[in-house]
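Protein chains: 4
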Amino acid sequence: MWGGRYAEGPSAIMAEINASIGFDRKMWRQDVLGSLAHARMLAQVGIISADDLSAIERGLEQIGQEIAAGKFAFDTTLEDIHLNIEARLTERIGEAGKRLHTGRSRNDQVATDVRLWVRDAMDGLAAQIEDCMRAFLGVAAEHTGTLMPGFTHLQPAQPTTLGHHMMAYVEMLSRDLSRMRDARARLNECPLGAAALCGTGFPIDRHATAAALGFDGPTRNSLDSVASRDFALEFLSVCAICATHLSRFAEELVIWTNPSFGFVKLGDGMTTGSSIMPQKRNPDAAELVRGKTGRINGALVGLLTVMKGLALTYAKDMQEDKEGVFDAAESLALCLAATAAMLRDMKPNLKRMAEAAGAGFSTATDLADWLVRELKMPFRDAHHVTGRLVAHAEAMGVDLSGLTMNEMQAVEPRIHAGVFGVLSPAASAASRTSFGGTAPANVARMVTYWQEKLA
Amino acid sequence: MWGGRYAEGPSAIMAEINASIGFDRKMWRQDVLGSLAHARMLAQVGIISADDLSAIERGLEQIGQEIAAGKFAFDTTLEDIHLNIEARLTERIGEAGKRLHTGRSRNDQVATDVRLWVRDAMDGLAAQIEDCMRAFLGVAAEHTGTLMPGFTHLQPAQPTTLGHHMMAYVEMLSRDLSRMRDARARLNECPLGAAALCGTGFPIDRHATAAALGFDGPTRNSLDSVASRDFALEFLSVCAICATHLSRFAEELVIWTNPSFGFVKLGDGMTTGSSIMPQKRNPDAAELVRGKTGRINGALVGLLTVMKGLALTYAKDMQEDKEGVFDAAESLALCLAATAAMLRDMKPNLKRMAEAAGAGFSTATDLADWLVRELKMPFRDAHHVTGRLVAHAEAMGVDLSGLTMNEMQAVEPRIHAGVFGVLSPAASAASRTSFGGTAPANVARMVTYWQEKLA
Amino acid sequence: MWGGRYAEGPSAIMAEINASIGFDRKMWRQDVLGSLAHARMLAQVGIISADDLSAIERGLEQIGQEIAAGKFAFDTTLEDIHLNIEARLTERIGEAGKRLHTGRSRNDQVATDVRLWVRDAMDGLAAQIEDCMRAFLGVAAEHTGTLMPGFTHLQPAQPTTLGHHMMAYVEMLSRDLSRMRDARARLNECPLGAAALCGTGFPIDRHATAAALGFDGPTRNSLDSVASRDFALEFLSVCAICATHLSRFAEELVIWTNPSFGFVKLGDGMTTGSSIMPQKRNPDAAELVRGKTGRINGALVGLLTVMKGLALTYAKDMQEDKEGVFDAAESLALCLAATAAMLRDMKPNLKRMAEAAGAGFSTATDLADWLVRELKMPFRDAHHVTGRLVAHAEAMGVDLSGLTMNEMQAVEPRIHAGVFGVLSPAASAASRTSFGGTAPANVARMVTYWQEKLA
Amino acid sequence: MWGGRYAEGPSAIMAEINASIGFDRKMWRQDVLGSLAHARMLAQVGIISADDLSAIERGLEQIGQEIAAGKFAFDTTLEDIHLNIEARLTERIGEAGKRLHTGRSRNDQVATDVRLWVRDAMDGLAAQIEDCMRAFLGVAAEHTGTLMPGFTHLQPAQPTTLGHHMMAYVEMLSRDLSRMRDARARLNECPLGAAALCGTGFPIDRHATAAALGFDGPTRNSLDSVASRDFALEFLSVCAICATHLSRFAEELVIWTNPSFGFVKLGDGMTTGSSIMPQKRNPDAAELVRGKTGRINGALVGLLTVMKGLALTYAKDMQEDKEGVFDAAESLALCLAATAAMLRDMKPNLKRMAEAAGAGFSTATDLADWLVRELKMPFRDAHHVTGRLVAHAEAMGVDLSGLTMNEMQAVEPRIHAGVFGVLSPAASAASRTSFGGTAPANVARMVTYWQEKLA
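Residue numbers (our numbering), protein chains in the order written: chain R, 51 to 505; chain P, 51 to 505; chain U, 51 to 505; chain W, 51 to 505.
Because the hints were derived from the structure by calculation, they are not lab data.
These figures come from a predicted structure and were not determined experimentally.
Glycine included, each C-beta is placed from N, C-alpha and C at the ideal position.
Keep in mind that a hint or two might mislead.
What the hints assert, rightly or not - Covered by chain P, per the in silico footprint, the following chain U stretches (three or more residues, Cβ under 8 angstroms):
1. 62 to 72
2. 340 to 353
3. 385 to 397
4. 460 to 468
Claimed, not checked - Simulated pairs of lysine-lysine, PhoX-like, Cα-Cα distance not exceeding 25 angstroms:
5. K315/P x K426/P
6. K121/R x K121/W
7. K315/U x K397/U
8. K76/U x K121/U
9. K121/W x K76/W
10. K397/R x K315/R
11. K315/P x K397/P
12. K401/R x K315/R
13. K426/W x K315/W
14. K401/R x K76/U
15. K315/U x K426/U
16. K76/U x K76/P
17. K426/P x K397/P
18. K401/W x K503/W
19. K426/R x K397/R
20. K76/R x K401/W
21. K397/U x K121/P
22. K401/P x K121/W
To be verified - Derived, one-sided and incomplete: chain W residues facing chain R with beta-carbon distance under 7 angstroms:
23. I63
24. A65
25. I67
26. K315
27. G319
28. G344
29. D367
30. A388
31. A391
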């Protein structure tokens, strides 16, 4: 395989540690497309003949069909997908096959294939993120006014609505989408033609191959082209951040489906039972979405570790880029699909959420704000008065609205009956009309805003 | 501090684990600016009086001066920078100080302060990346034709030039810069006014505070505003990728300054000696640049771990965002400065690089390409013939150009004397004229391209 | 500082990136102890005189007092704690101070100091882990029979007791303790005398210095001695695993203090309020314990990144070992202290836990097991029958014990009234008497077992 | 599968995200062994009949043969290896198969299987670490006196020997081995019988199953048994540290095989060529050993992320433990095998190493030490004098031994001709006789020490 210089082949352990065909075959489509673009360019500039091109095109097409049909015999001794396809091509079409590698090297070939694969993954994931945003929007649109507790520190803080809560995730995912698009734009330069590392003396046309493969243009430095994997690192970090967002909603689903909360119920299709406890209805999909953050973070750390301190240009360490990238892309795809499916499946329990929205003195801030507005107290003093009223109510075992006017006036004599107008969760939520606030009318507007953006 | 409900203060361990004033004081400027913007808006919409505003402005200005002068007495029992400043303000100006917190909460306040701090860091780092690009460009401009070996697997692969090598880093850093800018644009929405989590019923003008603080506009969802830290995660991943790039050049400097290589020499100002070995001249700065990748990766992993599976909205875990972000920003700033300084300091040894450029049969590819062009051999066959010639030369202890015509023709009879024209490193480098290739004329064009872009 | 070879001092950026005195001063005690042991050995073998030793002892003692009293003027241009102390020593005692560094180097000196620091940290943390185990044991001893739901997937699975739950953490922490002890034993070899990297020709006695510093003996290979930091990596991984355990209990506290659960209440001393929501009582300490896992994981990743691919022996990258190790040790100390404090502070709500223990058909397994035992059904069939009974009860809105005999017999005719004996949570818990099972008598035995082990 | 309560099966995405049979089939042997031990115990205590046991034994044996022969039809709808085997068992032997799951659950079953798998992996890796130590010892034994430069900061520091350098790795690996053994001892408690989470009321004998499976005894707390994965975290950290050690030697091989160094040569069997550069001989195996550190670190981070903040007991997130553990074990096995193979294959170039050992004023420390010993100069002054001599030699372009007596005495008049005795690399190495030092006699003793320990 390495030509005339090697007296012996690789040792067994060398062959085993070195072979990538077990995983890089996943890039076969990209490899065929890249070779086609390269061959057409070679013919165009006169490096190979039109006949050679025809043979190569025919050969590659047939190989693609063989692989797609599961009939291609992958050969581990040929190391990787690139050599497997090239060897098969020469087997099929002879001499012309041996001319395909003119003016390129495996270094630029693999850099091109990986970029194409990642770009495809980015496009797929971007579409899935949009779908997941639509799933959140679907719940939000139905529940702009459905009361639930807003938590900080997982303690009831102020009443909010299920719709507003869903829209928080729409915002997060919209940034994930934006990150994915920026990463795609930055990736979209074509390394093909950088050859081994220095470019080539053959009169190749890199702009032509770049265009044929949908890139914005060729990369500008051949060493960088074969040595860099920051596009993969960036992709992994975008995936990790998105997975982190999904893990947060997954955690909420796990908590919300616990019977003490009972905020939502997942159906038979999105839960599993137990091999021993017949009553179980476990939110496994949510747990797996939460857990899969781990492997995506791990893939990011893995590649950061690999690339740290690597002298230029290509080093074999970089072969370790692929499995992590493949796995992260597929894991995130699963997480997005499962999240969207859970959103479309889950049944909110409006009664439980409304009850919880009113518990824990959740309208105490409304009371403090009322003191500021009505009695012109400085906020810090109003906060203090409210704290004392909460302490009193807690001691009496009642809600704030359960305190009598006497009890209130004992703490602050100027309080009057108008205060009761701000103590209900619904009033609280409706009052928060500042831009981006929880008021149902706000939420409805944001739902419309995003529905239009995603249309 | 928590108003009228608490009977006792925090236990000692609670106070210790909870206090952030030890590190969040670093955000004092941002906190003052945020409070000024908030106060002016409160006055504008009539929530506080013009007199209160004047008092607040004056008070905050004086507090800023105290802190800048190192005269501010930070109080750990006041937990954080926000409460420290607010308490001091009330101490100074009385009642008006207590009105400042109307319509906001620490949750949106801290989210705003961190964004402002990160945005400042991004701007500083972007300028430093540009400076570092200029430092690489400076070396490249001088050395577009300075021969050196191009390595793959750290083995000589093909001759390249020092200029081309430097330009590879210009490309990497340009993508780091682009990532930093994209991250900044995405971060640039203002959470102020999201209040605790649900927004507020006070008639605040979030567009006004956003504009006053240089944001593109207010965030659209109050829960998301206080619960999300993806801007920090993205910042950390941008830093980690950039640090990884710098670690690669640092590794090269460590190898290049080893006497067996001797490619470059660093001056007294950029090396250190030893406490025991009087001859030492160690590239400590390069090693530290390489090593500091670790802490930046660690900060990224740290925050990813923190945010994984956190139920909305704000949780105290998120206080852990700051130290890692501060440290990563400062570490990357050091690494960029040290890299630029080493570039401006280092003296390339042209002779050693040129010798190495010709070693290791580095023009074998040129020979193979010549066989393709001149003898119309398929590339794979040319590769094989060249391999045999290399094996022969290696056995004879000579370079490819040291083989006789007879020896060459014994392997491939059609070889003729024209072949010697492609076997010198200089000819090899000059021949690689494909776009982005190593030919000195190409490199010179790219230097101009980037000089103009950075101008 | 580097002796006679350097014409100029370091550049500003070099000095800034290189200086470690900002953080390694934390090791001053270790540095003084190491120097004392070294000096005494030098005198013992006759390399320095008794007078020199006296001067050095006196000088180091005084320097220790200066530092302890905060009166030592650390000098950044002297880079690190080692050079700061040595320079001050020579300033104080003259010639003799210059002899101290005979037969050692900063490389073995710093390796010794870090090991001593880590060993002290290990001892402190081991004591804290034991204390935390005692805190869990304290709750367990009081609550061997206090019913609470046992969860899998955060769904009620089977009734258990608070005591049994606490004892699960005792087991986890006992393994953390065992890991810490193993790591300490492995670390406990002394690198002092490895000198720069190759040992020395001076007739030093490494066994003497090792013994004086409490090590089991000297390290066996000088290159390894100055090049390795696996003791620090192991320490960090032990810390990360322990922190992960604590994060799990912290998560439970966050969930248990939410009012929908209400399993436990934390007092004023272990919660915080809100700057805007007067009713808040947030479990900040628990959240911080959970969140600090991030920085400890980050420190581990940081040092793994640093050490990856470092050629032997010492490289300056390794200076990056300290801050992460210091921070991880201090963070874990805080987390252990906070966890123990929360355990001693928290008030379980027995009523809420008991109610939850019976909810969600938590005794369904007991019913299935009864069918196996009483009716000799294969377990899989019994599981199926129970599943149908649960579905029926759920549809009727009752518990399993709320089904009538007729309803039960409609599903499985052989069921008789004896079944009701296994359907209460208390009966369920009491029945699980297998070794390690949840039965209160078991738990009491385990409490005794651990109390004796920790005594 | 979940018995009588579920009306519908899982949705497609649920099935896809949930299924683990794709990877947990790797544990089939462990699952069969665990089931056999459980069944024998059930029969022993009278829970199942002798006939049932015979049927189960026969059935499991046949299933084992089917799987080993690649004839077992794995069914994704049966989720995992446990349900696949149990379903097949019941298909084969009927009723008796349904009794196997009595008194256990998948939670304790999977915890047992994973521990058994990890224990097997630990034993295999421990044997490989020993083999790798033998490979380092083999080189060391041949080269106790082979001079090479000892580096700090990758700069020549002092002459050492190849043998001493190899022995540094023997020390590192010996600690890796010790860590692996400690981890194994800690893991070796049997969770079987913890059942779902609370243990069971069936009179099972956990000591019997523990003994049958080679465990030291049963775990002591059922909740901990199904909820904990610290044994896997510890295993991963042990692997990561060992991989880090191997990555350091791999880096050295990459540098040493570069022609500017030329310290060692790897044979055809342990290098690869290039698809385009016919002269290449790349140290791919070394690069892959270095790079695979990344995926092992990634697996560790992945599982740390998964376990962070998980409420007890079992959660489906924990299914994510397996792939990372499997991959880390297999990757480390590859790295150890490849490292041992490279050690046995590599040919040191004694001439190149000896030349480099003398370059870079590597005996400057010896000169300084001579000044201390002979002229009684304080070390710091000797260091300074030597620095000036190095500067002078550097300016003259000669080695230290190339300075004339006059030149030396110009710097320090008391220097006499005796100094030349310490300036050769061989003399330098031989002089470092302190315990653990580089002197060949020391190294030979350490080789014997380790050969005996490993015998």
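Is K401/P close enough to K121/W, meaning Cα to Cα at most 25 angstroms?
violated, 66 angstroms
Hinted pair, alpha-carbon criterion (25 angstroms max): K315/U, K426/U. Please report holds or violated.
violated, 45 angstroms
At a Cβ distance under 8 angstroms, does chain P reach at least three residues of the stretch 385 to 397 of chain U?
holds (count 5)
Residue hint D367/W, partner chain R, criterion CB-CB below 7 angstroms
holds, 3 angstroms
G319/W was flagged as interface toward chain R. Is the shortest Cβ-Cβ separation under 7 angstroms?
With a closest approach of 4 angstroms, the G319/W hint holds.
Within the stretch 340 to 353 of chain U, is the number of residues with a Cβ closer than 8 angstroms to a Cβ of chain P three or more?
holds (count 13)
For the pair supplied as a hint, K426/W and K315/W, is the alpha-carbon distance within the 25 angstroms limit?
violated, 45 angstroms
Straight-line alpha-carbon gap K426/P to K397/P, limit 25 angstroms
Status violated; Cα separation ~44 angstroms.
If you take the shortest Cβ to Cβ gap from A391/W to chain R, is it below 7 angstroms?
holds, 5 angstroms
Has the given pair, K121/R with K121/W, been kept, meaning a C-alpha gap of at most 25 angstroms?
holds, 21 angstroms
Going straight from one Cα to the other, do K315/P and K426/P come out at no more than 25 angstroms?
violated, 45 angstroms
Minimum beta-carbon distance criterion (7 angstroms), I63/W to chain R:
Hint holds; I63/W Cβ to chain R Cβ min 5 angstroms, cut 7 angstroms.
The structure shown violates the earlier hints numbered 4, 5, 13, 14, 15, 17, 18, 19, 20, 21, 22, 24, 26.
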